Structures are given as C-alpha cells and as structure tokens.
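Colleague: Sequence order for the protein chains is A and B. The working numbering applies: residue 205 is where the first sequence begins, and numbers increase by one. The working numbering applies: residue 11 is where the second sequence begins, and numbers increase by one.
Simulated from the structure, these hints should not be mistaken for lab results. In this text, all values refer to a predicted model and were calculated from it rather than measured experimentally. Note that beta-carbon positions come from the ideal geometry of N, C-alpha and C, so glycine has one too. Be a bit skeptical, because a hint or two may be false.
What the hints assert, rightly or not - Restraint ranges, calculated between C-beta atoms of paired labels, are given here:
{"hint": "1", "chain 1": "A", "residue 1": "Glu216", "chain 2": "B", "residue 2": "Ser267", "range": "49 to 55 Å"}
{"hint": "2", "chain 1": "B", "residue 1": "Gly274", "chain 2": "A", "residue 2": "Arg331", "range": "27 to 33 Å"}
{"hint": "3", "chain 1": "A", "residue 1": "Gly274", "chain 2": "B", "residue 2": "Leu22", "range": "19 to 25 Å"}
{"hint": "4", "chain 1": "A", "residue 1": "Ile297", "chain 2": "B", "residue 2": "Pro182", "range": "27 to 33 Å"}
{"hint": "5", "chain 1": "A", "residue 1": "Lys206", "chain 2": "B", "residue 2": "Glu24", "range": "17 to 23 Å"}
{"hint": "6", "chain 1": "A", "residue 1": "Ser221", "chain 2": "B", "residue 2": "Pro182", "range": "44 to 50 Å"}
{"hint": "7", "chain 1": "B", "residue 1": "Glu167", "chain 2": "A", "residue 2": "Ala217", "range": "41 to 47 Å"}
{"hint": "8", "chain 1": "A", "residue 1": "Arg359", "chain 2": "B", "residue 2": "Gly20", "range": "38 to 44 Å"}
{"hint": "9", "chain 1": "A", "residue 1": "Pro208", "chain 2": "B", "residue 2": "Tyr166", "range": "32 to 38 Å"}
{"hint": "10", "chain 1": "B", "residue 1": "Gly274", "chain 2": "A", "residue 2": "Arg340", "range": "28 to 34 Å"}
{"hint": "11", "chain 1": "B", "residue 1": "Arg154", "chain 2": "A", "residue 2": "Glu294", "range": "52 to 58 Å"}
Said to hold, decoys possible - Residues from chain B shown here face chain A by an in silico Cβ test under 8 Å; the list is partial:
{"hint": "12", "residue": "Tyr16"}
{"hint": "13", "residue": "Pro47"}
{"hint": "14", "residue": "Leu49"}
{"hint": "15", "residue": "Ile53"}
{"hint": "16", "residue": "Leu59"}
{"hint": "17", "residue": "Ala63"}
{"hint": "18", "residue": "Ser112"}
{"hint": "19", "residue": "Val115"}
{"hint": "20", "residue": "Val197"}
{"hint": "21", "residue": "Ile200"}
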Amino acid sequence: MKYPISLTVNGEAMEFSVEPNLALLDLLRDHVELTGCRRGCDSGYCGACTVLLDGKAVHSCSVPAVAAHGKDVLTVEALVRDSRLHPVQEAFIEHGAIQCGYCTPGMILSSVALLGENPDPSEAEVRSYLSGNLCRCTGYVRIVQAVLAAGEAMRGKI
Amino acid sequence: MDTFEYYRPGTLAEALRLLQGSGGEARSLAGGQSLMPLLKDGILTPQVLVNLAGVPELRQIHWEERVGLSIGAMVTQREIETSPLVRERYPALAEAVSRVASVPVRNLGTLGGNLCHGGPGADPPAILIALGATVRIAGFSGGRTLAVEDLIAGPYETVLAEGEVLTAIQVPPMAPGARAVYLKHSVRAIDPAIVGVAALVAWQDRLVWETRIGIVGAASRPMRARSPEDELRGWPLDDAAICRAAEAAAGEADPLSDGYASAGYRRKMVAVFVRRALEQIRGAK
Numbered sequence: 205m206k207y208p209i210s211l212t213v214n215g216e217a218m219e220f221s222v223e224p225n226l227a228l229l230d231l232l233r234d235h236v237e238l239t240g241c242r243r244g245c246d247s248g249y250c251g252a253c254t255v256l257l258d259g260k261a262v263h264s265c266s267v268p269a270v271a272a273h274g275k276d277v278l279t280v281e282a283l284v285r286d287s288r289l290h291p292v293q294e295a296f297i298e299h300g301a302i303q304c305g306y307c308t309p310g311m312i313l314s315s316v317a318l319l320g321e322n323p324d325p326s327e328a329e330v331r332s333y334l335s336g337n338l339c340r341c342t343g344y345v346r347i348v349q350a351v352l353a354a355g356e357a358m359r360g361k362i
Numbered sequence: 011m012d013t014f015e016y017y018r019p020g021t022l023a024e025a026l027r028l029l030q031g032s033g034g035e036a037r038s039l040a041g042g043q044s045l046m047p048l049l050k051d052g053i054l055t056p057q058v059l060v061n062l063a064g065v066p067e068l069r070q071i072h073w074e075e076r077v078g079l080s081i082g083a084m085v086t087q088r089e090i091e092t093s094p095l096v097r098e099r100y101p102a103l104a105e106a107v108s109r110v111a112s113v114p115v116r117n118l119g120t121l122g123g124n125l126c127h128g129g130p131g132a133d134p135p136a137i138l139i140a141l142g143a144t145v146r147i148a149g150f151s152g153g154r155t156l157a158v159e160d161l162i163a164g165p166y167e168t169v170l171a172e173g174e175v176l177t178a179i180q181v182p183p184m185a186p187g188a189r190a191v192y193l194k195h196s197v198r199a200i201d202p203a204i205v206g207v208a209a210l211v212a213w214q215d216r217l218v219w220e221t222r223i224g225i226v227g228a229a230s231r232p233m234r235a236r237s238p239e240d241e242l243r244g245w246p247l248d249d250a251a252i253c254r255a256a257e258a259a260a261g262e263a264d265p266l267s268d269g270y271a272s273a274g275y276r277r278k279m280v281a282v283f284v285r286r287a288l289e290q291i292r293g294a295k
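Produce the complete structure using the sequences and hints provided.
Modeller: Pasting the structure below:
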C-alpha cells in the first residue's frame, strides 16, 4: 500500500506516493535523481548517505521516507548558490580533503551542520562530530583541516 | 524488504490500540536507527509499523526536585546529550548518551528506542542502571514500572509483552555529593562498547554509603553488578576497596564472545574499567 507524503527537497515542495519500506535515500536517488547522497553501507554506519533533515545531519538510508513526511530535506546539490560553492566545499578543495570523493557529500553536509551548531569547534569537536562519516582514503587529517578552515572563513576571519 | 502497513497515531491510546490489534505482527517505530537496517535485511518482517513520533507526551523531558528526571521514550539521544538540564544534573548520563554511535544516529535515535532494541554494548543501559533509573511501560490493559536492569532479557530482546510500549525513563535525583561516571571501551567511536562501565557512589562521612554499578558487555544483557557494590558499601573508597570491587565485578561477569572481543578479554576489561571508573569518582570528589 502506498502512502502520500509531502517533503521540501532543496527548497522545493514535492509530493510523493511511497511504499512504507522505502528509505529516504532511495527516494532521493531514484525518484528525485539527487545522487549526491550515496549508498555506502546502507545500514547507518558510514555516513555516505548523509542529508540534512530539518537542518540536522541524518543517515538517509535509515530514515523511512514515509516518516520524513512534512520535513525539509537538504542534499549537497543545494549548497551551491549562484554558481558559487559553499565555504565548506571551497575549503575541502583548497585543503585536498577529497580523494575518491565517495564520502565527500556526506562529509560536507555533516560539516555544514556542525558549523551551524558550533561556529568555532576545536579539532577534537570536529573529529567527534564527523565520527559518523567514514572516509577510506584520506586518514581524515585534511578533512579536519578543511572543516576548521571553513569555520574560520564562515566566521569572517579570512 | 517486504512492505507493511504504516500508521502514525496522535495519541498513546491510539498507538496501543494499533499495536494490540495486529496479532503480534506490529512493531513500533521510534527513531528507526536500529529498526531500518533490520527491516532492510529482512531480519524483522512486521505487518504493521506504528510510528510513535506523533505522540506528544513521549517527546517531553522534565525535572522535578523530588521525583527527578523524566525522559519521554521518543526524546532523541542528541536532545539528551545537549540538554542543559541533563548536563547540569546528570553529566554522566549526557556523557554516556553522547557515546552512542554517531551524531546522525543520535539526531534521530531515541533513548526509548535504544533500550527497546536491546543491542549488546549499547551505552545508555549501563549509566541508567548506575543512576537507579526505571522505565515506565504502557499496555492496552494497564501500565507497569521496571528497573532498567530488568528490561533487557538478552541480545536484542526485552521483557516487553506484545503490544506494550516503553513510554518514559525515570531517573531519581542523585543523593547530595554523589558522583557518577561512565567509561566506554571500544576500538572505534561509533562501535558498541566492548565493555561499558558506569558507577555511582554516594558517601556518608568518609564511607561509601550508596553505590550502584551498571555494566554492558559483561553478560548477555546489561548487568547491575552487585558483588562489587557489596565490596564497597561501608568502606572508604581506597585502593584496596577499589581493587576488591574490580575483582568482584570480573568474577560476577559472564561475558559473550563476538566479532568485537572474546569473553576472556571482556572479563579482564570489566576489572580494568570498574577500577578506572571508581578511581575517577574518587579523584573527582
């Protein structure tokens, strides 16, 4: 049986009719074609599928789409404004915080959520906050540097 | 994953009616962080899913001087760890809850869901046992209250009967001067605890008066370790007492082996982390 839901996806109001076993990840990838959210472990560990749900980082593989009814979803595709990258995206490029790129959208969205909650995090706070986003390439050093630098940029210090 | 019927009731009474009326084929949905993977893997195949997110009374957290803290089952773990009230009154509870998995999981995952999942190595049961917490359970034909240590029956198993819902977690006020800590031993931050030890100590003059020790990873279910408590009660919290308590805890432990650690290693870590927890409490006094 299908259930009607409405979502705001990247600022746009959308209506869907979904089976209750459909994950938000699959809705976004297969029905909205937002493939920035990636399927990694598909079980809530790796964070490749991270999106912001009402502003909070969540693993979209572990959210039934039907339970997201009425909520606001933001994916990495929406961070670009007027062809300009978000400061966190800029910092990831500048610091070489990307290798294969698979974890990057999730990493960036978690970092955006972190800097929204805590504009001036310590390195330990960055590491702790990003523990739900696994990167198998970089060893995290440059990612952490990028997030700290993005924080500085967003506080207007650069 | 097979499909199922989905409901989002607006009251607890309606939720209980839906859960009761589906002949054992219904599951309640809290934050979904444990349930979704189990549904996807076909480990659980409910016919009916009842989302408790629309029941306002399950989402409340409040403090009363004489009664203590009441946390609705649907309060998220992130809300608990960032709550100024919890951080001030029960810092060890905020710390333990902040060690569950990762921020995205805690943003949706609820305390009630964590307890009802009964996952081995989940952090909250240990600290809730040490704090003397109870859970309030509602059923179609009435309610009951259980100590947290009596809720979880084994790995992924609770004593909840068909149709029952855990509605709230009640944490009594801490005795004046009491200290509590939670220490987690895991390889990666997002893993369940290999061993997680919580301890609470309150003193009368210089002697341990009240103490509770809650351990996860020491048995097939979260354990209230009574033998180390007996070693401590009435004694000063000195090296000898701490050493006796740590050995007693390891003796009482009956751990499981799994992909994270062997039973033998867990037993040794029980002693190490009980000792460290008590030393930390002594240091903080």
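Colleague: Hints first: check each against the structure and report whether it holds.
Modeller: Taking the hints in turn, this is what the structure says about them:
no.	hint	result
1	A/Glu216 - B/Ser267: 49 to 55 Å	51 Å, holds
2	B/Gly274 - A/Arg331: 27 to 33 Å	31 Å, holds
3	A/Gly274 - B/Leu22: 19 to 25 Å	21 Å, holds
4	A/Ile297 - B/Pro182: 27 to 33 Å	52 Å, violated
5	A/Lys206 - B/Glu24: 17 to 23 Å	22 Å, holds
6	A/Ser221 - B/Pro182: 44 to 50 Å	48 Å, holds
7	B/Glu167 - A/Ala217: 41 to 47 Å	43 Å, holds
8	A/Arg359 - B/Gly20: 38 to 44 Å	42 Å, holds
9	A/Pro208 - B/Tyr166: 32 to 38 Å	33 Å, holds
10	B/Gly274 - A/Arg340: 28 to 34 Å	31 Å, holds
11	B/Arg154 - A/Glu294: 52 to 58 Å	56 Å, holds
12	Tyr16	4 Å, holds
13	Pro47	4 Å, holds
14	Leu49	6 Å, holds
15	Ile53	11 Å, violated
16	Leu59	6 Å, holds
17	Ala63	7 Å, holds
18	Ser112	2 Å, holds
19	Val115	6 Å, holds
20	Val197	12 Å, violated
21	Ile200	5 Å, holds
Going down the numbered hints, you'll see the structure goes against 4, 15, 20, while the others check out.
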